[in-house]
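> Listed here are the chains, written in short residue letters.
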Amino acid sequence: MFATAVIVFREVLEAALLIGIIAAATRAVPGRNRWLAAGIAAGIAGAGLVALGTERIAEMASGIGQELFNAVVLGLAVVMLAWHNLWMSASGAALSADARSVGSEISSGRRARSVLLIVVGLAVLREGSETVLFLYGIAASGGGASGSMLLGGVVGIVAGVAVGALVYAGLLRIPLRWFFAATGVLVLFVAAGMASQAARLLIQADVLPSLATPLWDTSHLLPQTSVAGTLLHSLVGYEAQPAGMQLVFYVSVLAAIAVGMRWVHRKSEPRHARR
Amino acid sequence: MSRIARLVALSIAACLPAALPAAAADAVFTLVIQDHRFQPPELIVPAGKKVKLVVENRDATPEEFESHALNREKVIAGKATATIFIGPLKPGRYPFVGEYNEATAKGVIVAQ
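Just so you know, the protein sequences line up as chains A and B, in that order.
Here the working numbering is used: the first residue of the first sequence is 37, the next is one more, and so on.
Here the working numbering is used: the first residue of the second sequence is 645, the next is one more, and so on.
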């Protein structure tokens with residue numbers, strides 16, 4: 037049961053952390069909770085479908101369908117997170133000044149909500165499908181142990197969600213003045229980490245060269261399976277033995293979004309100054 | 645979709661080098677999963693070369709091939725076969741597990 041809980045916890049954690057961060061970052065968006073719930077529900081439904089279709093997805097594109105599918109899901113999430121950060125850079129100053137002023141930006145607010153829905157949905161879809169498959173495997177193999185192992189699965193899900201909730205509660209304690217800057221930086225690193233994961237999948241599928249395998253090896257210093265390693269992996273994309281190409285993706289996405297944020301922020305400044 | 649989002653998507657795409665087609669003559673090695681165990685448990689592959697690993701899951705339940713040393717992770721449905729590209733590897737031992745049945749599904753790839 038314990039082993040099951042740990043595996044499910046690891047799968048759930050990544051999505052839960054992302055949801056915690058996104059939920060905090062969108063605290064000022066009206067109707068956020070409903071959209072968040074809708075995103076999670078859509079993600080769970082999608083995870084079930086993906087789990088059902090695992091074999092068919094895997095067989096696509098001559099055996100690398102799973103990698104391509106997951107890389108596309110990650111790529112979409114990166115684009116959505118980038119969009120979120122750019123939108124926040126454009127309107128963040130106004131948000132910090134007065135959380136209610138978002139109400140006047142209804143149209144952008146609506147777009148932010150659909151981004152929220154999609155990002156959360158994609159995160160749950162990706163991590164959830166593996167959890168569904170794993171739990172299905174346990175249930176299907178039957179035997180006396182499967183009951184307690186399924187219970188382990190529930191424990192894992194609850195623990196993962198609890199960590200996500202903790203991160204959310206922790207982020208909310210950041211003073212409003214720095215709040216949107218802090219969540220923006222977090223989202224930036226999460227997006228870069230996702231880009232690096234997408235690169236790893238494309239290397240695994242032999243679509244991209246690895247450039248160096250591994251670029252560095254810190255598996256003795258900070259193994260990725262450790263608690264700290266797992267957390268850092270989810271939050272900033274830490275990997276103990278990354279390929280060179282992953283770093284290329286990581287740095288490119290980090291730089292592209294950061295530059296975009298500065299540019300959008302500078303462009304929107306005169307507007308705020310006039311107020 | 646807004647202009648900003650399109651701009652971001654384009655700039656990300658522009659940062660990526662063009663996808664390279666797979667080299668034709670990769671060495672192919674096969675692993676079989678049966679009764680939540682890998683066969684052979686120790687697989688010797690050439691070092692310094694890209695290797696195509698074919699994993700055949702003969703169990704009815706899904707399995708996840710996972711190796712932190714190899715930096716690889718792939719779900720394999722029950723009664724299905726998956727392809728995973730690894731390397732080029734430095735000489736050494738690279739352990740892997742079937743994450744869904746870690747107690748029995750263990751193996752190591754030896755690059756030499």
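Calculated from the structure, these hints are not laboratory results.
No residue lacks a Cβ here, since even glycine has one placed at the ideal position from N, Cα and C.
Possibly wrong hints are sitting among the right ones.
Claimed, not checked - Okay, the calculated beta carbon distance ranges per label pair:
| no. | chain 1 | residue 1 | chain 2 | residue 2 | range |
| --- | --- | --- | --- | --- | --- |
| 1 | A | G89 | B | T674 | 23 to 29 Å |
| 2 | A | L267 | B | V672 | 56 to 62 Å |
| 3 | B | T674 | A | V287 | 47 to 53 Å |
| 4 | A | T254 | B | V672 | 30 to 36 Å |
| 5 | B | T748 | A | G89 | 33 to 39 Å |
| 6 | A | A97 | B | G692 | 26 to 32 Å |
| 7 | B | A704 | A | G84 | 37 to 43 Å |
| 8 | A | G67 | B | P690 | 31 to 37 Å |
| 9 | A | T261 | B | K734 | 28 to 34 Å |
| 10 | B | G692 | A | R302 | 25 to 31 Å |
| 11 | A | G67 | B | P739 | 31 to 37 Å |
| 12 | A | V108 | B | A691 | 52 to 58 Å |
| 13 | B | T674 | A | A176 | 20 to 26 Å |
To be verified - Footprint (simulated), chain B over chain A, 3 or more residues, beta carbon under 8 Å:
| no. | stretch |
| --- | --- |
| 14 | 99–106 |
| 15 | 205–211 |
| 16 | 234–246 |
As the list claims (entries may be wrong) - With a straight-line cut-off of 16 Å between C-alpha atoms, the simulated EDC-like cross-links for lysine to aspartate or glutamate are:
| no. | chain 1 | residue 1 | chain 2 | residue 2 |
| --- | --- | --- | --- | --- |
| 17 | B | K723 | A | E91 |
| 18 | B | K734 | A | D253 |
| 19 | B | K750 | B | D670 |
| 20 | B | K734 | B | E700 |
| 21 | B | K723 | B | D670 |
| 22 | B | K750 | B | E700 |
| 23 | B | K723 | A | D253 |
| 24 | B | K693 | B | E717 |
| 25 | B | K694 | B | D679 |
> Check each numbered hint from earlier against the structure, then list the numbers of those it violates in ascending order.
Result: hints 2, 3, 5, 7, 8, 9, 10, 11, 12, 15, 19, 20, 21, 23, 24, 25 break, sorted rising.
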